[in-house]
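Visitor: Here are the chains, one letter per residue:
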Amino acid sequence: MIHVAGNHRHYVVQCRTCSGGWFGVAQFRHVAGANTLKENLNGVFSRPAADLDFIHPTKLPDGNYAVVWAGVAWCQAGNCKTKVGNCDGGAGVSHTTFESIYKSQGGVVLKRVTKEDTDWYGRPPWKIALSWANNIRKPINGWNCSKGAQPPYSTGPLFGGIILPLHAATDWDYPPIKMTATVYGYGECQPSFLTANGEIFHTMDLTLAVPYKGRDSKKWARNQWVKISNRATGRSVRARLTDVCGCQHVDLSRGVARALKMAGTGTVTVSRP
Amino acid sequence: MIGVRISRRQLLRGTATVLGAAAVGHAVPAWALSGGRAVPMRSIGTASGSDLAPSIAPLAGLAGFDDLLQRTGAAPAFRWTGLPPAPGEATFLLSGFSPNHVSLRHMGLVIEGARDPTAVRMLGLGLGRRPAPPDVVVEVLRTPEGVPYEEAFLPAKAPDVTMPVSLVESAGRRLTTVMVPILATG
Numbered sequence: 244m245i246h247v248a249g250n251h252r253h254y255v256v257q258c259r260t261c262s263g264g265w266f267g268v269a270q271f272r273h274v275a276g277a278n279t280l281k282e283n284l285n286g287v288f289s290r291p292a293a294d295l296d297f298i299h300p301t302k303l304p305d306g307n308y309a310v311v312w313a314g315v316a317w318c319q320a321g322n323c324k325t326k327v328g329n330c331d332g333g334a335g336v337s338h339t340t341f342e343s344i345y346k347s348q349g350g351v352v353l354k355r356v357t358k359e360d361t362d363w364y365g366r367p368p369w370k371i372a373l374s375w376a377n378n379i380r381k382p383i384n385g386w387n388c389s390k391g392a393q394p395p396y397s398t399g400p401l402f403g404g405i406i407l408p409l410h411a412a413t414d415w416d417y418p419p420i421k422m423t424a425t426v427y428g429y430g431e432c433q434p435s436f437l438t439a440n441g442e443i444f445h446t447m448d449l450t451l452a453v454p455y456k457g458r459d460s461k462k463w464a465r466n467q468w469v470k471i472s473n474r475a476t477g478r479s480v481r482a483r484l485t486d487v488c489g490c491q492h493v494d495l496s497r498g499v500a501r502a503l504k505m506a507g508t509g510t511v512t513v514s515r516p
Numbered sequence: 015m016i017g018v019r020i021s022r023r024q025l026l027r028g029t030a031t032v033l034g035a036a037a038v039g040h041a042v043p044a045w046a047l048s049g050g051r052a053v054p055m056r057s058i059g060t061a062s063g064s065d066l067a068p069s070i071a072p073l074a075g076l077a078g079f080d081d082l083l084q085r086t087g088a089a090p091a092f093r094w095t096g097l098p099p100a101p102g103e104a105t106f107l108l109s110g111f112s113p114n115h116v117s118l119r120h121m122g123l124v125i126e127g128a129r130d131p132t133a134v135r136m137l138g139l140g141l142g143r144r145p146a147p148p149d150v151v152v153e154v155l156r157t158p159e160g161v162p163y164e165e166a167f168l169p170a171k172a173p174d175v176t177m178p179v180s181l182v183e184s185a186g187r188r189l190t191t192v193m194v195p196i197l198a199t200g
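Protein chains in written order, with our numbering: chain A, 244 to 516; chain B, 15 to 200.
Keep in mind that a hint or two might mislead.
One-sided excerpt, in silico: chain B residues whose CB lies under 10 Å from chain A [what the hints assert, rightly or not]:
no.	residue
1	LEU76
2	GLY140
3	LEU141
4	VAL161
5	GLU164
6	ALA170
No lab work stands behind these hints, which were simulated from the structure alone. Beta carbons are placed, not taken as given, at the ideal position from N, Cα and C, and that holds for glycine.
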């Protein structure tokens, strides 16, 4: 449940916690912004089987940072098949899961970060988007605390999952470096969907994987904000280092690749955010 | 286990995610191999190879999986034989080594078995413990106008638990040891 509290100087969107209290998830200068977030959150929470773990920041094609729900829903019939490790359709093992990952039903932009918001918070838009996402994720922690989005079987051990805020990140502070970049496959194609910092992988979140071995391991420490620029497309995006690979290039989430308008392999510049 | 209904969240929570750097050891004292608690082991996938030296590689991260398959010689012939890593499991790729027993001892995790230069195996080890979820931090910040607001997040530097994992031949010869940080993921 969401409501807006305000004193005409600013407006706060609050979410009810499992313990019955309220937690302020975002502030706005004007009531319109608060109502937009409130209505969109209430809409997502009322969707049957919405997987609320997929509330995270992203950068939209129009260039705005935003907090979104990526449209991931539990498979209500309980018979959805996920092919693990063989997303190319090869001979593999299909597993029944209760989730339908990234269905074509589309996601919901919960709230774009506007110039008014960056002025209010005095922070860059990508940090505001992460802050909003984390503040929403905290009070909705756990399916056992129903917010109206009912998984197919709302009780029992299968749905005792928890939704944690994402990790804080410091600013990357090294000279710019030009690197080859590839784009992640879908997390469902992998044997584990956890990134190296322990987060569930969200395809449209703004994250990337970096090399983890060798003398540059400190440079590529987890949980740092970086700016990724693609000269070929003229686009840039801020993203968090959340994962590692044994490679010497960077591996971008689809959210980052979309923001860069990059498909497949390319060359990017990693720099201070 | 095939055909058992699982949720992705069930799959994820408590899963031990691993990183590591290799170190080579030699003979293991008999006392170090005595006792210990047996650790459940199961096959997740396998690939054939040739002339493979015994080695163990923890899964470095989601993005590193394909690279790891390439490096260990498992790609492109890798085949899944079981469910993906479950909560409380650590996952490794074993190259050139056929495990028959895993135990948790005071020298760390010991995988006993024999050399097998013809196979790469992905192994799930049930460590039997679920690290506690990291504590959520709520910090009070202020807007430029001085209005306080709360911000929730997980600390950027969550502590990792490190554990040595050794491949040991039945005769007691240690073939390799990997230091494995295990992330507390809840």
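Visitor: Report the numbers of all earlier hints that the structure fails to satisfy, in ascending order.
Guide: Those not satisfied are hints 2, 3.
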